[in-house]
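Participant: Spelled out from the first residue to the last, the chains are:
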Amino acid sequence: MAMVELQKVRRVYRRDTQEITVLDGIDLTVPEGEFVALMGPSGSGKTTLLNLIAGIDRPTSGVVRVAGTDVGQLSESALAQWRSRSIGFIFQFYNLIPVLTAIENVELPLLLTRLSRKERRDRAVTALKVVKLADRASHYPRQLSGGQEQRVAIARAIVADPKVLVADEPTGDLDARSAEEILGLMETLNREFHKTIVMVTHDPRASQRAHTQKHLDKGVLREEA
Amino acid sequence: MKFLPYILKHLRRSWVRTASTVLAMSVCIFLFCTLRTFVEAVTWNLQSAKSSLLVTRHAVSLVFNLPVAYKERIAALPGVRGVAATNWFGGSRRPNDFKDFFPNFAVEVADYLPMHPEYILPEDQKRAFLEDRRGCMIGRKTADRFGWKIGDTFQLESFIPPYRVGKPFEFVVRGIFDTDLARFPGTDTTAMFFQWKYLYEATGQRVGAGTYVIEIANPAQATAIARAVDALFDNSDAQTKTETEAAFRASFASLAGNLALLLNGIALAVMFTILLVTANTMSMAMRERRTEIAVLKTLGFSSARVMGLILAESAFLGALGGTVGIALGVVMIRNLTNVPFLGDAVRGFPNLGLSPMIATLGFSAALLLGILAGFVPALLAYRSRITDMLRQV
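Those protein sequences? They're chains L and B, same order as listed. Read left to right, the first sequence gives residues 533 to 757 (the working numbering). Read left to right, the second sequence gives residues 2 to 394 (the working numbering).
Since the hints were made in silico from the structure, they are not lab data. Note that this is a predicted model, so its numbers are computed, not measured. No residue lacks a Cβ here, since even glycine has one placed at the ideal position from N, Cα and C. Any given hint could be a false lead.
What the hints assert, rightly or not - From chain B, some residues computed to sit far from chain L (all C-beta separations above 12 Å):
1. 42
2. 238
3. 387
To be verified - Mimicking EDC-like on lysine to aspartate or glutamate, the simulated pairs with C-alpha atoms at most 20 Å apart in a straight line are:
4. L:750 / L:589
5. B:142 / B:132
6. L:540 / L:602
7. B:3 / L:602
8. L:650 / L:693
9. B:3 / L:651
Bound conformation, chain L alone (with noise of 0.2 Å):
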């Protein structure tokens, strides 16, 4: 069953008078439980791709279906309420919240479900164990290094249990051994607990680890490996 299907998306922007297409008749199936790399040069329209598998970014034409649902026929707040179900999204600079510790932050997403607040925390407590971080739950990022605060990232991702990661250079901040943790844990996320995942990326070795790579350029995907 294809987890993330797109069927002949267009997304051009418009600058004053000019448009400009930044992709351009995409045709991309991603099967459930797959992990797929989306390579490509700098302005390739890879984190579009990612944006509108995500549900943040609309496709100008064509179909993007996600678990089954297609994202484009969506109202704004159905939406919302889509990815805070279906979407783990995790993004290169980690964007936690600084005012929040770790737990809080992980425990975010959950405050827009009907959970009640002890729930809530045993699941964030459970999310920081599957990355492995539950001792420093208390801490403010500020307090974590560049790959906790990742990780604190992937656990909020997951905290909701949603069907589809999506990753937009989830190891581009990182050092060697940091982005190798990172890189260890998708895998697990994806092998032991089924999420389908979508990672952007510029880095060959971190690409080698999907099972599927994809290469964008100039908003056509060119070929696949």
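Use these hints to put chain B onto chain L, whose structure you have.
Facilitator: Here is chain B on its own, set in the frame of chain L:
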């Protein structure tokens, strides 16, 4: 409620900025509450003015008294039910020391009391008051303030030259009056009344009537009777000016109208400034948190919820500032009478205190200011696109 810790943590993030905004807001609400209280105190007793009463005074100024003989001529006019001479005595317990000041008047008691049913006095006390030349009746607030009981004596000395006779006037408390504020709103129970004849005789029958209070049968004829009274004395040395009690009080406190306008203007200007300051603070805070807003939206927070969080944060700032401001106001107003110079000016106001209505108004204003200040940043956050905000990082 589950978002409250999130809001509080953000307010603590830049505590200096939060504290200074709260302080600015609290000063604004403090000023608003204090000024409103002041205006209310000045205009409070205008409420108790009756349409059936006219007041006649010297046409030139209240400083000049009217001849005693005027009373009979006024009383003879058609439509007039009763006339009572009254003089503002301006007495204090210690000469030129207004710390213990309360309003005190010499009145022709037998004529004056029937015109003023708002002063509720037991019959036996009324009789005792009428029969004693040195007798007086005092309002409950003043009695409680000084712990005076029926039969107690005290002395007052006026600062008005014609009423200074070389020694203080001695009074005996013959009555303590109450009122029913539901029926007679604005009635002052700090006032004290004594026999006009006591003043007249003690001053060697040299003083006249400060004003004449005239009760008329039909309030609809107030203008005509007022004109008739003034016409009586058109060709005399002491011409008169007659007006309704409400107009008299308003003109007597003509300062009050202008003062209210001035003070309300100041309060509005301060509020508008604080609105701009708080709006700027909120805008700065939001600009710094563009990424966070984008992250929240990415996590599934709807635009409306993000907007709600920002408005809640802003309203919380307002509420905090309002609470501190009201607390400051309560303390300030309570101690206003101890402030040098200003204390003397406000001591004479009955009912000076931060009323629940003004406090509620102040708190609502703070809340509204908070919400208004946060509205534009909240709207911008509502409209912002996740991809745009993440791109600008």
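Participant: It remains to establish, for every hint, whether it holds in the given structure.
Facilitator: Taking the hints in turn, this is what the structure says about them:
1. 42: Non-interface label stands for residue 42 (chain B): nearest chain L Cβ at 45 Å, farther than 12 Å.
2. 238: The claim stands: residue 238 (chain B) keeps its Cβ more than 12 Å from every Cβ of chain L (closest is about 80 Å).
3. 387: Given that some Cβ of chain L is not farther than 12 Å from that of residue 387 (chain B), nearest at about 4 Å, it is violated.
4. L:750 / L:589: holds (19 Å)
5. B:142 / B:132: violated (24 Å)
6. L:540 / L:602: Measuring from Cα to Cα gives roughly 14 Å; hence the hint holds.
7. B:3 / L:602: Not satisfied, since the Cα-Cα distance of roughly 32 Å exceeds 20 Å.
8. L:650 / L:693: Holds: residue 650 (chain L) and residue 693 (chain L) sit about 17 Å apart, inside 20 Å.
9. B:3 / L:651: holds (13 Å)
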